[in-house]
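Given the sequences, and given the hints that come with them, work out the whole structure.
Spelled out, the chains give:
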Amino acid sequence: METKNLMAITGAEAAAYAMKQIEPDVVAAYPITPQTPIVEYFAKYVADGEVRTEMIPVESEHSAMSAVVGAAAAGARAMTATSAQGLALMSEIVYIASSLRLPIVMGLVNRALSAPINIHCDHSDAMMVRDSGWIQLFCEDAQEVYDLTILAVRLAEHDDVRLPVMVNQDGFIISHGVEPVEVLPDDVVKKFVGELKPIYPLLDTDHPVTYGALDLYDYYFEHKRQQIEAMKHAYRVFPQIAEEFYKISGRKYDYVEPYRMEDAEYVMVALGSSNGTIKDVVDEMRSEGKKVGLLKIWMFRPFPKPEIQRYLTARKAVVVLDRAASFGAEAPLYEAVKSALYEVAVRPLMGSFVYGLGGRDLKPEHVRYAFERAMALDLVADREEYLGLRE
Amino acid sequence: MAELKKWHELPIAGLIVEPGTARKYRTGDWRVKRPVYDRSKCIDCMFCWFYCPDQAIIQEKGVMKGIDYFYCKGCGVCANVCPKSAIEMRPETEFVGKED
Amino acid sequence: MPTKYFEIRWHSRAGQGAKSAAQLVAETVLDEGKYAQAFPEYGAERSGAPMRAFNRISEGKIRVHYSVENPDVVVVIDDTLLSPTIVSGLKEDGVLIVNTKHSFDFVRKKTNFNGKVCIVNATDIALQEIKRGVPNTVMIGTLARVTGLVNLEVVEKKIREMFERKLPEEMIQANIRALRRGYEEVQCSG
Amino acid sequence: MPLTMKKLAEVFTDRETGLTQGHRMCPGCAAPMTVKIVLMVAKALGYEPVIGFATGCMEVSSTIFPFTSWSVPYIHNAFENVAATISGVETAYRALKKAGKIPSDKKYAFIAFGGDGGTYDIGLQALSGALERGHKMLYVLYDNEGYMNTGNQRSGSTPPGADTTTAPVGKAVAGKLQLKKNIVEIVAAHENVYAATVTPGEPMDFINKVEKALQFDGPAFIASLSPCVRFWRIDENKSVDITKLAVQTKYWPLYEVERGVYRVTRKPTSFKPVAEFVKAQGRFRLLLQRPDAEQIINELQNYVDRRWERLLAFEEATKDKPVR
Numbered sequence: 001m002e003t004k005n006l007m008a009i010t011g012a013e014a015a016a017y018a019m020k021q022i023e024p025d026v027v028a029a030y031p032i033t034p035q036t037p038i039v040e041y042f043a044k045y046v047a048d049g050e051v052r053t054e055m056i057p058v059e060s061e062h063s064a065m066s067a068v069v070g071a072a073a074a075g076a077r078a079m080t081a082t083s084a085q086g087l088a089l090m091s092e093i094v095y096i097a098s099s100l101r102l103p104i105v106m107g108l109v110n111r112a113l114s115a116p117i118n119i120h121c122d123h124s125d126a127m128m129v130r131d132s133g134w135i136q137l138f139c140e141d142a143q144e145v146y147d148l149t150i151l152a153v154r155l156a157e158h159d160d161v162r163l164p165v166m167v168n169q170d171g172f173i174i175s176h177g178v179e180p181v182e183v184l185p186d187d188v189v190k191k192f193v194g195e196l197k198p199i200y201p202l203l204d205t206d207h208p209v210t211y212g213a214l215d216l217y218d219y220y221f222e223h224k225r226q227q228i229e230a231m232k233h234a235y236r237v238f239p240q241i242a243e244e245f246y247k248i249s250g251r252k253y254d255y256v257e258p259y260r261m262e263d264a265e266y267v268m269v270a271l272g273s274s275n276g277t278i279k280d281v282v283d284e285m286r287s288e289g290k291k292v293g294l295l296k297i298w299m300f301r302p303f304p305k306p307e308i309q310r311y312l313t314a315r316k317a318v319v320v321l322d323r324a325a326s327f328g329a330e331a332p333l334y335e336a337v338k339s340a341l342y343e344v345a346v347r348p349l350m351g352s353f354v355y356g357l358g359g360r361d362l363k364p365e366h367v368r369y370a371f372e373r374a375m376a377l378d379l380v381a382d383r384e385e386y387l388g389l390r391e
Numbered sequence: 001m002a003e004l005k006k007w008h009e010l011p012i013a014g015l016i017v018e019p020g021t022a023r024k025y026r027t028g029d030w031r032v033k034r035p036v037y038d039r040s041k042c043i044d045c046m047f048c049w050f051y052c053p054d055q056a057i058i059q060e061k062g063v064m065k066g067i068d069y070f071y072c073k074g075c076g077v078c079a080n081v082c083p084k085s086a087i088e089m090r091p092e093t094e095f096v097g098k099e100d
Numbered sequence: 001m002p003t004k005y006f007e008i009r010w011h012s013r014a015g016q017g018a019k020s021a022a023q024l025v026a027e028t029v030l031d032e033g034k035y036a037q038a039f040p041e042y043g044a045e046r047s048g049a050p051m052r053a054f055n056r057i058s059e060g061k062i063r064v065h066y067s068v069e070n071p072d073v074v075v076v077i078d079d080t081l082l083s084p085t086i087v088s089g090l091k092e093d094g095v096l097i098v099n100t101k102h103s104f105d106f107v108r109k110k111t112n113f114n115g116k117v118c119i120v121n122a123t124d125i126a127l128q129e130i131k132r133g134v135p136n137t138v139m140i141g142t143l144a145r146v147t148g149l150v151n152l153e154v155v156e157k158k159i160r161e162m163f164e165r166k167l168p169e170e171m172i173q174a175n176i177r178a179l180r181r182g183y184e185e186v187q188c189s190g
Numbered sequence: 001m002p003l004t005m006k007k008l009a010e011v012f013t014d015r016e017t018g019l020t021q022g023h024r025m026c027p028g029c030a031a032p033m034t035v036k037i038v039l040m041v042a043k044a045l046g047y048e049p050v051i052g053f054a055t056g057c058m059e060v061s062s063t064i065f066p067f068t069s070w071s072v073p074y075i076h077n078a079f080e081n082v083a084a085t086i087s088g089v090e091t092a093y094r095a096l097k098k099a100g101k102i103p104s105d106k107k108y109a110f111i112a113f114g115g116d117g118g119t120y121d122i123g124l125q126a127l128s129g130a131l132e133r134g135h136k137m138l139y140v141l142y143d144n145e146g147y148m149n150t151g152n153q154r155s156g157s158t159p160p161g162a163d164t165t166t167a168p169v170g171k172a173v174a175g176k177l178q179l180k181k182n183i184v185e186i187v188a189a190h191e192n193v194y195a196a197t198v199t200p201g202e203p204m205d206f207i208n209k210v211e212k213a214l215q216f217d218g219p220a221f222i223a224s225l226s227p228c229v230r231f232w233r234i235d236e237n238k239s240v241d242i243t244k245l246a247v248q249t250k251y252w253p254l255y256e257v258e259r260g261v262y263r264v265t266r267k268p269t270s271f272k273p274v275a276e277f278v279k280a281q282g283r284f285r286l287l288l289q290r291p292d293a294e295q296i297i298n299e300l301q302n303y304v305d306r307r308w309e310r311l312l313a314f315e316e317a318t319k320d321k322p323v324r
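Protein chains in written order, with UniProt numbering: chain S, 1 to 391; chain Y, 1 to 100; chain G, 1 to 190; chain W, 1 to 324.
In short, the hints are calculated from the structure, not lab data.
Quick caveat: nothing in here was measured; it's all calculated off a predicted structure.
Ideal placement from N, C-alpha and C gives every residue a C-beta, glycine not left out.
Please note: incorrect hints may appear among the correct ones.
[Stated by the list, open to error] So the derived label-pair ranges between C-beta atoms look like this: (1) G/127 - S/49: 34 to 42 Å; (2) Y/9 - S/310: 30 to 38 Å; (3) G/43 - W/266: 27 to 35 Å; (4) W/7 - S/40: 34 to 42 Å; (5) S/40 - W/316: 45 to 53 Å; (6) S/44 - Y/30: 53 to 61 Å; (7) S/239 - G/160: 39 to 47 Å; (8) S/194 - Y/9: 39 to 47 Å.
[Stated by the list, open to error] Within a straight-line C-alpha distance of at most 20 Å, the following computed DMTMM-like cross-link-like pairs (lysine to aspartate or glutamate) qualify: (9) W/97 - S/195; (10) G/101 - G/78; (11) S/291 - S/254; (12) W/97 - S/40; (13) W/101 - S/204; (14) S/316 - S/283; (15) Y/6 - S/229; (16) W/136 - S/229; (17) Y/65 - W/315; (18) W/267 - W/315; (19) Y/6 - S/222; (20) G/4 - G/32; (21) Y/6 - Y/29; (22) G/166 - S/40; (23) G/91 - S/365; (24) W/101 - S/23; (25) G/109 - G/78; (26) S/4 - G/31.
Dropping the structure here:
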């Protein structure tokens, strides 16, 4: 790599900067804490003529998603961003976007869902739409926000995929924290994302297409089966696109990031910014001779089941950290990991820890505590426990 | 429509990529009353053509040519808007066995 | 683990520029080839409410994402915020930097802190130089002097970059003068 | 040369309107008339229509997979968001044109269609947002005064006294008690818009207004009174007649508001009582059986009279005084 272009920016600015370099045709977005700075930065790029993007200052998130659906169906590259309540409001159209197979990229700045109202981070918003048919990527830091936003465009628009992608970053923790981010030159990003090749664009009046027909029991199921297949393709092509991104950036992405997993007997699994904190704890415990490791999940949908199985089989214990609860059922990440491990030859002992709801800090001592419980083999697969909660 | 297609034989997203496929769909069999047209009374005002909700009036350059019974649902709007009573609504039962 | 990072906690009232100061420190540190984080604490407070911002600085990549609990330095931009809780978690060998026109004794009495205290009359400096009571640039100068973490020339460059689009040249100059006076006029206890 | 029925017939001898046969709307429904007239005018004027449709009768009946009655580009997104959707399409057009990816000689017309539910009620916010942002689009409301797609539920557009399943005329309550929402005034209040009422029973007025709306440099809105023969409980062949009666009774005044300037486009020399409009429809049958029927109809008469006078006053007051 040539000289690095490092910027000290927030995750929100990293997302907006990536969007600037992608230079989509249309951005429609509505401000909501903590996503707001993304819209603000991007609006400034538009106002200053730094991008030729047409921005739609919609009156709600519902209309934001509706407008990007319209724009993407028309044949434009379209993007948006939101958080929590905004996602909840647009969720009806979130499903429509994926079902119409529109390659929209959306930044989701993870925030707790109301009530009570809370503006801070957890993953309840992302989990609300985990079955919406969107590809979901989770970022550990601002660098990953920048990288995965760019990568997401290629993934969404891949001929075999044609699905929208949600790039998750932890609200405030990443979105408002200033960190060094190495950015690529504009032309490198432009070349990487290339031109959108629209299929069946509405604006092609010579080939009129009907979008959004009424699909009854004779066909709906078949169309859903196609979506299921598209997710399989997303899983298949992701490594190829990640490899191409590696070539331009030197940064390697995968479904999961194994951290000190070689001989790890006790493994933690998590999403988002907590992974950095966990890595530090892993290093510290490793220096104490403890065989701990981390499996960070980059791609939550499609869920990388083979990797989960490959990395976690025959470990002594696995603890899964969830930043969201599933009321009346197991926490979402735990449920998915546990389900994946049903099929492995040697199942590890498993434990579920919910943490960080509404922005509650995950501290190194919490991580250490969970690891110690794993090392003591003091885990019950059927018991959900809580980190950082007053009990 | 012929046989129902399998999932991998369909365009994605429930899109209908061929325009106007509904033209293959016969709505004429909804009809219980049939408009019968009397050319001798017609003044080619085009009201029937303009209003027909099913676009079942056949015309050429403003000249009334007849009714397309493949689509006509028999609502009678054409007969009702006709200023010359050139269209009469007759029970479909009178036409059983006859071609459209 | 905290030994790996140099951590700063900023206390100010919303609107006094702690967030920007933390960001400027991060940018400067990064320019010098080190790693840094800057992150404010967000609630629903409006102008005037007490608020906090944080810096984490390191020779290597910083991966952790949680709030600073045992800072090496506490910077207080408004001395009406002084209380024992303001130094909670501050390491024994840490430094308390306060913008005040009062004495070391005043600071110690308010905080019960017995470690190293540095004071600077930043508000007056800001009023004199920038003509506005926004003391954050002064405090960065002071921080640079006390900790040696950030190089004054690099900070000047950063201030210039940051303000170039928004402020006229004389205001940039004023900010740089304020920064230098923060550096020069700080007094530290033994 | 203004468009006429004859002229349209000539144009569409060997061209398609964009809405094909084979849709499954009820026999005699006025909604396809409304849609067809709009499309014909657009195409006759050389526009390439791109259609958005809100969920509703016409949407479901025209696109039962794998059949589509559309031979123009068409998108249905959801119930409440057709205005936002078409604003996205229109914006995509501007972006792609700027990028040189669209043939510059193509003249597009971005047209959203919505029923009264998708317009007056659940879709009002998206409509307001799109109007306020100034997208170059035409929004066409086909107003059948209820949620007819799902079997005659009350909407903000339902007139007082009409029997619906969610505001039925009962022993205690005379059905819907509130006046029909005045959607044109709501739209006109966005100031920099063209808003008009039309109805199939007044074809030349309809054609002229569509032409004007399409040529208006900004968002345009057309409200078409489009009877639902089934739930207005009228004969299938009477859908056009009843709209003429609506105009003759002041129930549906024909006017337009162009950037704040009002113009009443049909001023009959004499009016029929609104009771004639009411009595011609089965949906008011239960109301008419109530002892207070006369009072309710009188109130409606008073309302339409006052509204008419107000319209004339607006016309006089705003003459040649556009808001911008």
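Taking each numbered hint in turn, which are not upheld by the structure, reported in ascending numerical order? Hint check: 3, 4, 8, 11, 12, 16, 17, 21 fail, others pass.
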